Amino acid sequence: NAGVIQTPRHKVTGKGQEATLWCEPISGHSAVFWYRQTIVQGLEFLTYFRNQAPIDDSGMPKERFSAQMPNQSHSTLKIQSTQPQDSAVYLCASSLGDWGGYEQYFGPGTRLTVL
Amino acid sequence: GEQVEQRPPHLSVREGDSAFITCTYTDPNSYYFFWYKQEPGASLQLLMKVFSSTEINEGQGFTVLLNKKDKRLSLNLTAAHPGDSAAYFCAVSAGTNAYKVIFGKGTHLHVLP
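Line by line, the protein sequences are chains X and D.
Here the first sequence is numbered in this note's numbering, starting from 1 and rising by one per residue.
Here the second sequence is numbered in this note's numbering, starting from 1001 and rising by one per residue.
Relax, there's no trap hidden among the hints.
Straight line, CA to CA, 27 angstroms or less: simulated DSS-like cross-link-like pairs of lysine-lysine:
(1) K78(X) <-> K15(X)
(2) K1069(D) <-> K1037(D)
(3) K1049(D) <-> K1071(D)
(4) K11(X) <-> K78(X)
(5) K1049(D) <-> K1100(D)
(6) K1105(D) <-> K1049(D)
(7) K1068(D) <-> K1049(D)
(8) K62(X) <-> K11(X)
(9) K1100(D) <-> K62(X)
(10) K11(X) <-> K1105(D)
(11) K1105(D) <-> K1068(D)
(12) K11(X) <-> K1037(D)
(13) K1068(D) <-> K1037(D)
(14) K62(X) <-> K1105(D)
(15) K1037(D) <-> K1105(D)
(16) K1105(D) <-> K1069(D)
(17) K1100(D) <-> K78(X)
(18) K1105(D) <-> K78(X)
To give a feel for the contact side, a few chain D residues facing chain X, derived at Cβ under 10 angstroms:
(19) Y1032
(20) Q1038
(21) G1041
(22) L1044
(23) Q1045
(24) L1046
(25) S1093
(26) A1098
(27) K1105
(28) G1106
Covered by chain D, according to a simulated footprint, are these stretches of chain X (three or more residues, beta-carbon under 8 angstroms):
(29) 36-49
(30) 96-104
Treat the hints as calculated values from the structure; they're not laboratory data.
All of these numbers come straight from a predicted model, not from anything done at the bench.
Glycine included, each C-beta is placed from N, C-alpha and C at the ideal position.
Turn these sequences into a full structure, and let the hints guide you.
Printed below as a string of C-alpha cells:
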C-alpha cells in the first residue's frame, strides 16, 4: 500500500497562471478530501468527494478553485489565475468512508508557491 | 459551526520531560477525536483516534485525555525525546456533518537533548 500519492510535490507558478494538483487516494477508500495548510490559517477544509461525487465544497474559494474526481483512482484540484495568497501546502486525504470515526490518511502534500 | 482552539502554538521541553498540549472545542455533539503528528517535510500521521466514550487513552509514550464536560482534549507526551519533535494537531469530527473534521492550528514541539 503506497498510501495517498500527491503530485507534484512542489510547484512554482507565476501570478495569473494555472496550477493543477493531483491526488491518488488509497485503493478502496471511498472518501477523498482536500485541505490547504498555511502557517497563519492552519489546516483548512476545501472540499470532499464520496464515491467520486462532490458532496461539500464549502471551503473552496469561489471562481478560481475547482476540484474533480473523474474516477476512483484520482482527484484533481485546479487553481486558475493563481495569486500570491494561494501559496500554501495542499493536502489530499482519503478514508474508508465518511463516517466520522474513520481516520483520514494524508498524502505528502503539494507545496504551491505563487510568485 | 465547530471551532477548535489548540494551545500552546509552540512548546519547548527538555528530553525526559513531559509535553502537554490541549484543545478545546465548541460542539457538544462532537463524538470522534484525533491526534496527528507531522514531522518536518512530512505529512500528517495518525497518533490516536478517540471515541467520546473513553476518557483516558494510552499510547506508546503518550496519553490522551478527553473531558467532555469541559469539551477539552489533551495530549500528554511522557518522557519526551528528540524524535518527538514535530507539529501535533488535534482534530474533532463535527457532530452534524461527521465527515467534516475540524483541525486545531497545531503545536510545534521542540524537544531539546
